[in-house]
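Undergrad: Listed below, chain by chain, are the residues.
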Amino acid sequence: NAGVTQTPKFQVLKTGQSMTLQCAQDMNHEYMSWYRQDPGMGLRLIHYSVGAGITDQGEVPNGYNVSRSTTEDFPLRLLSAAPSQTSVYFCASSYDRNSPLHFGNGTRLTVT
Amino acid sequence: DQQVKQNSPSLSVQEGRISILNCDYTNSMFDYFLWYKKYPAEGPTFLISISSIKDKNEDGRFTVFLNKSAKHLSLHIVPSQPGDSAVYFCAAHSAGNMLTFGGGTRLMVKP
Numbered sequence: 122n123a124g125v126t127q128t129p130k131f132q133v134l135k136t137g138q139s140m141t142l143q144c145a146q147d148m149n150h151e152y153m154s155w156y157r158q159d160p161g162m163g164l165r166l167i168h169y170s171v172g173a174g175i176t177d178q179g180e181v182p183n184g185y186n187v188s189r190s191t192t193e194d195f196p197l198r199l200l201s202a203a204p205s206q207t208s209v210y211f212c213a214s215s216y217d218r219n220s221p222l223h224f225g226n227g228t229r230l231t232v233t
Numbered sequence: 630d631q632q633v634k635q636n637s638p639s640l641s642v643q644e645g646r647i648s649i650l651n652c653d654y655t656n657s658m659f660d661y662f663l664w665y666k667k668y669p670a671e672g673p674t675f676l677i678s679i680s681s682i683k684d685k686n687e688d689g690r691f692t693v694f695l696n697k698s699a700k701h702l703s704l705h706i707v708p709s710q711p712g713d714s715a716v717y718f719c720a721a722h723s724a725g726n727m728l729t730f731g732g733g734t735r736l737m738v739k740p
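Heads up: the sequence lines are chains A and B, in that order. Each position in the first sequence, counted from 1, maps to that position plus 121 in this note's numbering. Each position in the second sequence, counted from 1, maps to that position plus 629 in this note's numbering.
Hints listed in this document are in silico derivations from the structure and should not be mistaken for laboratory results. Since we're looking at a predicted model, the values are computed, not measured. Mixed in with the good hints there might be a few duds.
Below, computed lysine to aspartate or glutamate pairings styled on EDC-like, alpha-carbon distance capped at 16 Å [said to hold, decoys possible]: (1) B:Lys683 x B:Glu644; (2) B:Lys697 x B:Asp660; (3) A:Lys130 x B:Asp653; (4) B:Lys683 x B:Glu671; (5) B:Lys739 x B:Glu644; (6) B:Lys634 x A:Asp159.
Work out the full structure, taking the sequences as your base and the hints as a guide.
TA: The structure is reproduced here in structure tokens:
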């Protein structure tokens, strides 16, 4: 039972490049979400999904896209990377949106 | 404006003593509160939670207290152990709404 798996662990991008952060969970959770962690600001919600085919915006969605074609996978796409997107990104899942979250180990992204 | 605030960025305590981590919130609609613990290079893990209908919840060495009138919650760890050294995040939400996290407090427990 791997829980929530994120890849890659580290990534360096140049401004303007695009990339996809992968997230997969094997707990059959309906609710999945993406957070970014910045110093002193805690974790801020980027996008979330309450089930396959359903996604919605969180607190800081600009510059990011998501899709949820299966229950297991919830990739996060950076359309045109900017230095302000340098952060640590965490994917999380839970049974439903009111249950405690299970987090992956994060992707550290640097945009130069 | 941050709706959930952890005003102490760091806290240092001696092994065996009590650690008290504090959290304040501004949104009176919040009715469920959680604490997460995070080690370096790992994701946060759920520690303990409390519903707004309670004022205390205990799980082993960890106790969370909620003071609704003051919009304040605290996490007590007794006794503190070196393995408790981590960043602690408090979080809050109202039913069906997104979880809002505080900025975190780094706890260091000295042997």
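Undergrad: Each hint needs a verdict: does it hold in this structure or not?
TA: These are the hints, each one checked on the structure:
Of the pairs offered as hints, the one joining B:Lys683 and B:Glu644 is violated, with about 29 Å between alpha carbons and a cut-off of 16 Å exceeded. A C-alpha spacing of about 9 Å is found between B:Lys697 and B:Asp660, which places the hinted pair at or below 16 Å, so the restraint holds. The suggested pairing of A:Lys130 with B:Asp653 is violated, with an alpha-carbon distance near 33 Å, which exceeds 16 Å. Our distance criterion of 16 Å between C-alpha atoms is broken by B:Lys683 and B:Glu671, whose separation comes to about 31 Å.
Pair hint B:Lys739 plus B:Glu644 holds up; C-alpha atoms about 5 Å apart against a cutoff of 16 Å. At most 16 Å may separate the alpha-carbon atoms for a hinted pair to count; B:Lys634 and A:Asp159 meet this at roughly 14 Å.
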